[in-house]
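Peer 1: Listed below are the residues making up each chain.
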Amino acid sequence: MSEPAAVELRDVSKVYMVGSQEVRALDRVSLRIERGEFISIMGPSGSGKTTLLSVMGCLIRPSSGRILIGGEDVTDLDEDRLAVFRAKRIGFVFQFFNLISTLTALENVMLPMTFAGDVPAWEMKAKAMELLEAVGLSDRADHRPMELSGGQQQRVAIARALANDPEIILADEPTGNLDSHTGSEIMALMEHLNRELGKTFVIVTHDPAVARRTKRILYMKDGRVYDRPPEETERKSVASREERVEILRHLLAEVRRLKSEAELASPSMSLGELEDLAVGLRMGIARIRRELGRI
Amino acid sequence: MDTKVMRLAITIAARSLKRRRFRSALTLIGVAVGMSTVVALTAVALGAREAAVGVLTQTTDFMVMPRGGSEFQAELPESLVKHIRLYPEVEMAGPVLSQMLYLEKEPAWAMGVTDESADITRLSLVEGRRVEERGEIVVGYTLAQDLGVKVGDVLRLSVSPDEPGTPMKVVGILEPTGGVTDMAVYLSLSELQEMVGKKGKISMIMIRLKDPRLADQFKARVEERYPDLEVYDTKQIAENVGRVLDMMNSLILAIGGISLLVGGLGVMNTTMVSVLERTREIGVMKAIGAKRSHILTIFLMESFILGMMGGVIGVLGGAALAKLASTLIPKMVGFPLPAKLTWWLIVSPILFAGLLGVVAGFYPSWRGASVRPMEAIRYE
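Respectively, the protein sequence lines represent chains A and B. When you line the first sequence up against my numbering, it's residues 3 to 297, in that order. When you line the second sequence up against my numbering, it's residues 60 to 439, in that order.
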């Protein structure tokens with residue numbers, strides 16, 4: 003067999019139960035991302051790309067299918083093992099930077115090493131400093147996130163993602179909260195790290211300008227992954243305008259029901275139920291937007 | 060436990076507590092108020108026990124006092140001594156008048172004694188000699204230390220702190236006993252009687268029996284002849300006082316329990332709010348590799364520090380309260396009540412408050428540790 007892929011999904015589905023209704027956020031997805039790839043995942047909101055990223059990042063378990071990271075099957079690891087796995091093998095970059103506000107830039111970069119627990123303390127600091135230098139922020143090491151600009155915060159987050167030399171770095175709309183100039187700089191930094199260090203990057207975005215800078219683009223729609231943009235028009239030919247309005251009315255009613263359910267959400271509801279509600283709402287709203295666009 | 064994670068937990072906890080100064084301060088006060096009440100009450104109770112037990116057992120075996128009275132307020136005719144001395148069981152009988160006075164404006168327990176009463180007491184001197192004539196005093200150990208007194212010094216003894224008082228020469232200093240005698244001033248009985256205008260009056264009579272086994276017989280005979288008098292066996296009094304103080308201890312425990320509950324609920328609430336407002340940060344930490352135990356450590360550290368600091372403030376406040384009580388209570392009730400702070404009364408509330416923090420913080424911290432890593436990608 004050839005060299006193991008950085009990420010491999012085999013027939014992965016993620017199903018949320020929203021009330022009595024089944025929402026397929028991922029629908030039998032299989033894909034392979036090779037080591038050293040610089041790849042983006044595009045798709046409208048509600049298409050399942052965040053779910054895909056979360057499954058690849060071992061943040062949530064799939065309902066079915068297998069996940070292999072660097073050739074290792076992580077599907078059945080328990081909570082603590084998954085945490086260690088994430089600490090060592092996966093780096094995350096988030097849309098809202100998500101630095102820990104009470105820690106300095108340097109301490110934030112040291113965080114994954116602290117959690118992984120196998121790097122001696124003196125080495126942690128030196129390594130973190132080195133990484134801050136690599137993202138051009140060694141002079142901001144002692145600054146708190148509040149004292150940094152958005153672009154600087156995202157650089158720190160990228161340094162943090164690199165802390166334990168992970169196989170892959172998963173970025174969720176990394177430029178989504180930055181102006182286009184700063185966003186372009188962040189893209190350039192990630193391109194550089196991919197080229198020079200051979201790091202694998204998976205970037206979720208809905209910005210075509212970001213996607214164009216990656217070497218491969220995957221498209222998502224209704225929980226499925228495509229190699230090329232799926233036909234937007236396929237359904238227009240099938241359904242008449244009247245039918246669409248009917249579908250829309252249906253959807254609106256469903257969203258309204260979910261909304262009232264969410265408003266009644268009580269503390270006794272489990273996190274899972276709340277999450278399912280939230281996902282259902284978001285996907286419903288996204289579909290309504292899309293349908294409205296077609297009418 | 061992993062030292063790196065501990066260090067991280069301390070850093071995060073200290074900075075978040077500092078950032079939420081007002082909330083942290085309120086929680087600290089909640090813990091500290093209860094703790095200081097308990098510390099102050101315990102210190103006063105301890106002092107009272109030592110004072111009561113100390114003075115009674117260290118000075119004499121038996122005392123004659125008015126029935127139901129206390130030695131501090133008792134008034135007996137001095138002539139009674141002669142009658143008591145006539146009982147065949149009695150070897151020696153010495154009159155004592157006790158009174159609150161001020162030595163150099165410091166409250167002191169003045170004891171007017173005669174040669175015979177001085178013989179009966181078991182108190183010995185570290186320095187100098189006993190009182191032989193008017194104008195001389197023997198000073199208790201602590202009082203001498205507080206005032207920096209040496210044998211040969213002249214001090215002013217007054218009935219109230221505002222009076223100039225009478226100059227008295229220090230001729231001796233008592234050995235430390237740990238009781239009220241440490242704060243006492245001994246002078247001649249007649250001089251004290253004149254000073255406070257109680258000529259011919261005494262508070263009690265100290266007795267030494269020829270044989271302690273005659274105690275019951277002596278007690279029965281005196282109490283039959285003088286129904287208003289009572290013969291006290293000091294050991295028995297000490298036991299009675301001890302019983303009263305044990306009741307006080309139960310009271311302290313009850314107050315302590317309630318204040319701990321209140322303080323604990325405060326810590327719990329603060330930690331819960333802290334967890335809720337940092338849900339996203341917890342999610343992020345979990346996403347980048349924090350285990351459940353790491354998050355638990357971080358939040359438990361926060362509630363532990365809260366409890367511990369509350370304990371420190373509580374002990375300081377309690378010590379101050381106890382000090383205040385030991386200066387105010389004597390002025391109100393007319394006898395000295397030294398508060399006593401022992402090392403365990405300082406250390407154990409702090410440790411206990413720390414433990415309280417951990418216990419109270421456990422549930423919220425556990426909730427925090429159960430936040431799912433998915434929270435990191437939550438949309439605003």
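Since the hints were made in silico from the structure, they are not lab data. Among the hints, a few may not be true.
[Unchecked claim] For the chain A half of the interface with chain B, some residues (derived, Cβ under 8 Å), not all of them:
no.: 1; residue: Val86
no.: 2; residue: Phe94
no.: 3; residue: Asp174
no.: 4; residue: Glu277
no.: 5; residue: Leu279
no.: 6; residue: Gly295
Backbone N, C-alpha and C fix where the C-beta goes; we use that ideal spot for every residue, glycine too.
Peer 1: Each hint needs a verdict: does it hold in this structure or not?
Peer 2: The hints, checked one at a time:
{"no.": "1", "hint": "Val86", "in the structure": "holds (7 Å)"}
{"no.": "2", "hint": "Phe94", "in the structure": "holds (5 Å)"}
{"no.": "3", "hint": "Asp174", "in the structure": "holds (6 Å)"}
{"no.": "4", "hint": "Glu277", "in the structure": "holds (7 Å)"}
{"no.": "5", "hint": "Leu279", "in the structure": "violated (13 Å)"}
{"no.": "6", "hint": "Gly295", "in the structure": "violated (21 Å)"}
Consistency note: the structure conflicts with the earlier hints numbered 5, 6.
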